[in-house]
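So the sequence lines, in the order shown, correspond to chains A and B. The first sequence begins at 2 in the working numbering and counts up by one. The second sequence begins at 2 in the working numbering and counts up by one.
A hint or two may mislead.
Identical chains blur together in the list; that is why a pair holds if it fits in one copy or across any two.
[Claimed, not checked] With a straight-line cut-off of 20 Å between C-alpha atoms, the simulated DMTMM-like cross-links for lysine to aspartate or glutamate are:
(1) K29 - D67
(2) K202 - D236
(3) K170 - E5
(4) K99 - E78
(5) K344 - D303
Keep in mind the hints are simulated off the structure, nothing from the lab.
2 protein chains.
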Amino acid sequence: MINENYRQMLQEKSVIRELSEYAAARGKEIGQDNVFDYSLGNPSVPCPQGYTDALTQMLMNKDPMDIHGYSPSLGIESVRRAVADSLNRRFAMDYDSKHIFMACGAAGALAHAFRCVTRPGDEILIFAPYFPEYGPYISHTGAVLKVVPADTENFQINFAALEEMMSQKVMAVLINTPNNPSGIVYNTETIEKLADFLSTKQKEYGHDIFLISDEPYREIVFKGEDSPYVSKFYDNSISCYSFSKSLSLPGERIGYVAVNPRCRDADIIAVMCGQISRGIGHNCPPSSVQLAVAEVLDQTSDLSVYETNRNLLYDALTAMGFHVVKPGGTFYIFPKALEEDAKTFCMKAKQYDLILVPSDNFGVRGYFRMAYCIDMEKVKRSIPVLERFVREQYP
Amino acid sequence: MINENYRQMLQEKSVIRELSEYAAARGKEIGQDNVFDYSLGNPSVPCPQGYTDALTQMLMNKDPMDIHGYSPSLGIESVRRAVADSLNRRFAMDYDSKHIFMACGAAGALAHAFRCVTRPGDEILIFAPYFPEYGPYISHTGAVLKVVPADTENFQINFAALEEMMSQKVMAVLINTPNNPSGIVYNTETIEKLADFLSTKQKEYGHDIFLISDEPYREIVFKGEDSPYVSKFYDNSISCYSFSKSLSLPGERIGYVAVNPRCRDADIIAVMCGQISRGIGHNCPPSSVQLAVAEVLDQTSDLSVYETNRNLLYDALTAMGFHVVKPGGTFYIFPKALEEDAKTFCMKAKQYDLILVPSDNFGVRGYFRMAYCIDMEKVKRSIPVLERFVREQYP
Chain A
2 MINENYRQML
12 QEKSVIRELS
22 EYAAARGKEI
32 GQDNVFDYSL
42 GNPSVPCPQG
52 YTDALTQMLM
62 NKDPMDIHGY
72 SPSLGIESVR
82 RAVADSLNRR
92 FAMDYDSKHI
102 FMACGAAGAL
112 AHAFRCVTRP
122 GDEILIFAPY
132 FPEYGPYISH
142 TGAVLKVVPA
152 DTENFQINFA
162 ALEEMMSQKV
172 MAVLINTPNN
182 PSGIVYNTET
192 IEKLADFLST
202 KQKEYGHDIF
212 LISDEPYREI
222 VFKGEDSPYV
232 SKFYDNSISC
242 YSFSKSLSLP
252 GERIGYVAVN
262 PRCRDADIIA
272 VMCGQISRGI
282 GHNCPPSSVQ
292 LAVAEVLDQT
302 SDLSVYETNR
312 NLLYDALTAM
322 GFHVVKPGGT
332 FYIFPKALEE
342 DAKTFCMKAK
352 QYDLILVPSD
362 NFGVRGYFRM
372 AYCIDMEKVK
382 RSIPVLERFV
392 REQYP
Chain B
2 MINENYRQML
12 QEKSVIRELS
22 EYAAARGKEI
32 GQDNVFDYSL
42 GNPSVPCPQG
52 YTDALTQMLM
62 NKDPMDIHGY
72 SPSLGIESVR
82 RAVADSLNRR
92 FAMDYDSKHI
102 FMACGAAGAL
112 AHAFRCVTRP
122 GDEILIFAPY
132 FPEYGPYISH
142 TGAVLKVVPA
152 DTENFQINFA
162 ALEEMMSQKV
172 MAVLINTPNN
182 PSGIVYNTET
192 IEKLADFLST
202 KQKEYGHDIF
212 LISDEPYREI
222 VFKGEDSPYV
232 SKFYDNSISC
242 YSFSKSLSLP
252 GERIGYVAVN
262 PRCRDADIIA
272 VMCGQISRGI
282 GHNCPPSSVQ
292 LAVAEVLDQT
302 SDLSVYETNR
312 NLLYDALTAM
322 GFHVVKPGGT
332 FYIFPKALEE
342 DAKTFCMKAK
352 QYDLILVPSD
362 NFGVRGYFRM
372 AYCIDMEKVK
382 RSIPVLERFV
392 REQYP
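Next comes chain A alone, as it looks inside the complex (with noise of 0.2 Å):
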């Protein structure tokens, strides 16, 4: 018979896939360049040439048997030993190949690094907005979910929130920055003060909180922004990320978690990451795609289409009135919606080929995500849409 609890998750459909859908379908009926779809976050700009460069010359020269040999779960050790080189170069870390563990995407870093730290019934907080994904990695998990509400007026860290949510239960917080759906990227004083907040929690209760770092948008941040590398602040920390963004690999499933060399058992926590790999029978990612990004790890695509399509949105937008914030990287923008109900408005929306997702789905009221990783053309074209939707909508 099978399984009711996995009957029951069949109903959760998500909002963002179906508008997806429906971009698609109704792209067939007025031709695709007449939807403005800012509904899915997929990158739209092409891998590095150096990714199918490594990939495409280790296939015509290496041995077969090298290239798709069995991987052990916890990653291949030249490739941990490379991403551990990558860190330390560029953030100023100490990671050894033994803090590495190559996961399937950022999906399954954060996965397994909640069942690291968490047994079922713990507590981890995460802060609105938020991605709705975390639900179901955590729901899995046995762990309960719980949502700071957000800092509505500038999208880093309701402190004062967080203060009144803490408690013994609560074993990790997940923080996501740069952040999706926002575009906010934390900065030093928000990691500091949050740090700082963990530190005396944990004294206090006499037990760890896990700080994990969910990182897949880590390098697209626009100019002069202030973007810390979270585990040089705190001990207990855990980066998850994921090439999905950075090298526009997102179907390849290829990502790690880096585990802190100053966090407690900073030495067993990869290897518990292979033995949860093992027994959900993912065992590791697939071997040649792990060959191939060691040989590109401080490359990535051409991100600056991101940057672009930023200013001329958030240019567009707060000339026709919209409260946003400026985002600092990502390719999310999160404006304030022109009525109460953002359902009602990205429906209206809608019926201007216009795809905006409502934030409800990212715990947070009132607000819509636009994901400009679309062509910067037409980014240009959907904005006399926009202003029309708006002056014929909210005169």
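Go by the hints and put chain B onto chain A.
Here is chain B on its own, set in the frame of chain A:
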């Protein structure tokens, strides 16, 4: 604080892995040519050139966004379609793409299948001898693994023992044919008898009992063997497949779940797998690997060396007086040890640089496994060493 359950697991060392590490270290001392490492089931022949060509061509000629873009969590639709078509063509089945879930190897396929059809506390029966990784796959779901003792006469199914262990609590039965570690292929008589037995028990208990079939060795079947396609015989069945052995791609973690179109809930089991994947964070196998595998679905590596090695070893071992059931497939052989304690037997063999795996790990006492996925020349050179070992230790 780290999760003590997962920390405990760090104690569970793999005997096979330890033996293989010993063999590698010993090889450094005396030369790899002088160590006869029969420990690891790692394919010894390269992937077919067709796979390398398909992937290289794709990298050179296709838009990187199409190769590396997000795959739906159930797998790329065209790939699922191609897998269904291939199975229908080869086994006269009637799979639709909706019955196929692309998984990260057979490991991922099995772990998902267990979650779909059992709840924590339910029992899953397996037959000795068995692949020890089933232990962690099942324990992570909360279900309970129960081992049906072996039919040591011919390593088919011990139906008397099965009858005894069957109960209301059993929601799934797992088989692995061709079998690791025995190398035996379940014949049509065995599969029919099992199907009849399970059908009767379903009626008696008033609930479904799923037959989960682990089939990574399906393509490694030797001349003249009767190797039925399991799902033809029993409606409530799920096939779990990996390309690791047939295409020699163990590191690429690619396989699938094929849900019998005639089973209860046939239309939603693959979708449930997608939700499970989403929750544990592995999401889907890498898109480039899915696309490349779809180009070579009906191909295999040159698997003929395994049959040659089987013949060499079977003939030599029987001539030396070993009791051994002749393998019909895989690259394993599972002879009876020459003394009661297989561990002692294998320790003695180690002194001759013969690396054999004692059967205790596979749920049977007094046997040993040889993984003959090694060069034929090395198999030949190992025979006089085996003879000397037997002559000197068991005169």
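- Just pull the numbers of the violated hints for me, sorted ascending. 5
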